[in-house]
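Chemist: Sequence:
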Amino acid sequence: MDFIRKSAAVAAASVALASGLAVLTSSSASATTAGHAVVLKLSESVRHKLADAYWNHSKEFKRSKVDGPTHVYYGKLNGVYWAVGSIGVKGKPISYQDGPHIWRRTAHGHWVYRSDTGGCLEAVPKAMLKAWHLPRGC
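The number in the numbering used here is simply the position in the sequence shown, starting from 1, with 223 added.
No wet-lab data here; the hints were simulated from the structure. We treat Cβ as the ideally placed atom computed from N, Cα and C, and that holds for glycine. Treat each hint with caution, since some may be false.
Said to hold, decoys possible - The list that follows gives simulated cross-link-like pairs (lysine-lysine, DSSO-like), each with its CA atoms no further than 30 Å apart:
1) Lys315 to Lys272
2) Lys288 to Lys315
3) Lys282 to Lys313
4) Lys288 to Lys264
5) Lys264 to Lys349
6) Lys285 to Lys272
7) Lys282 to Lys315
8) Lys264 to Lys285
9) Lys313 to Lys264
10) Lys282 to Lys272
11) Lys353 to Lys264
12) Lys313 to Lys272
13) Lys313 to Lys285
14) Lys313 to Lys288
15) Lys272 to Lys349
16) Lys288 to Lys272
17) Lys264 to Lys282
18) Lys285 to Lys315
19) Lys272 to Lys353
Said to hold, decoys possible - For each label pair, taking beta carbons as the anchor points, the in silico distance ranges come out as:
20) His259 to Lys285: 35 to 43 Å
21) Lys313 to Gly258: 35 to 43 Å
22) Val303 to Asn279: 15 to 23 Å
Using the sequences plus the hints, can you model the full thing?
Modeler: Below, the structure written as structure tokens:
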């Protein structure tokens, strides 16, 4: 649950930072220079696709039981979209532990649920974590 508290603090800082920057607002926006991580605004459509990818990864429960994702960090680096956030299964409290969770999508691909992290974000590129102001956590 420490991640959720950190997420709220980072989200507030991100909003303050975003007010002074030109932030892209959709996943269809053009890429910036190679190697530059761009923070994107999460749309409800993308949130829904992340939940679908989580469900497709397991399918041990009904899609309607997917709770989230919440506290999502979303961005793009070198043509690859990344998302990190909290997600779980309604009625299964244990499903909420070991986050945050990671998703990845290539420019023309579908969202793929990568894994939960147990708090260690080493699977996310350092440049993306830096743009989100998140620590690796491991």
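Chemist: Now look at each hint and say whether the structure bears it out.
Modeler: Structure-based check of each hint:
Restraint check: the Cα-Cα separation between Lys315 and Lys272 comes to about 21 Å, which is no more than 30 Å; the hinted pair holds. Restraint check for Lys288 and Lys315: satisfied, since their Cα atoms lie roughly 9 Å apart, inside the 30 Å limit. Annotation: proposed proximity of Lys282 to Lys313 holds, straight-line Cα distance about 14 Å (limit 30 Å). The straight-line distance between the Cα atoms of Lys288 and Lys264 is roughly 25 Å, inside the 30 Å bound, and the hint therefore holds.
Annotation: proposed proximity of Lys264 to Lys349 holds, straight-line Cα distance about 19 Å (limit 30 Å). Annotation: proposed proximity of Lys285 to Lys272 holds, straight-line Cα distance about 15 Å (limit 30 Å). Between Lys282 and Lys315 the alpha-carbon distance is near 14 Å, which keeps this suggested pair within the 30 Å criterion. The hinted pair formed by Lys264 and Lys285 meets the criterion: a straight-line CA distance of about 28 Å does not exceed 30 Å.
A hinted pair counts as satisfied when its Cα atoms are at most 30 Å apart, and Lys313 with Lys264 qualifies at roughly 26 Å. This hinted pair checks out: Lys282 and Lys272 have alpha carbons roughly 15 Å apart, not beyond 30 Å. Simply put, Lys353 and Lys264 have alpha-carbon atoms about 16 Å apart, close enough for the 30 Å limit, and the pair holds. For the suggested pair Lys313 and Lys272, the alpha carbons sit about 18 Å apart, so the restraint of at most 30 Å is met.
Simply put, Lys313 and Lys285 have alpha-carbon atoms about 10 Å apart, close enough for the 30 Å limit, and the pair holds. With a C-alpha separation of about 5 Å, the suggested pair Lys313 and Lys288 falls inside the 30 Å cut-off, and the hint holds. At most 30 Å may separate the alpha-carbon atoms for a hinted pair to count; Lys272 and Lys349 meet this at roughly 24 Å. Proximity of Lys288 to Lys272 is assessed by CA-CA distance (about 15 Å); at most 30 Å being required, the pair is judged to hold.
Between the alpha carbons of Lys264 and Lys282 the distance comes to roughly 28 Å, so the proposed pair stays at or under 30 Å and holds. Proposed proximity of Lys285 and Lys315 is supported: the alpha carbons are some 12 Å apart, at most 30 Å. Restraint check for Lys272 and Lys353: satisfied, since their Cα atoms lie roughly 24 Å apart, inside the 30 Å limit. For the pair His259 and Lys285, the beta carbons lie near 40 Å from each other, so the given range of 35 to 43 Å is met.
With their beta carbons about 39 Å apart, Lys313 and Gly258 fall inside the hinted range of 35 to 43 Å. A hinted range of 15 to 23 Å holds for the C-beta pair Val303 and Asn279, which are about 19 Å apart.
Of the numbered hints listed earlier, not one is contradicted by the structure.
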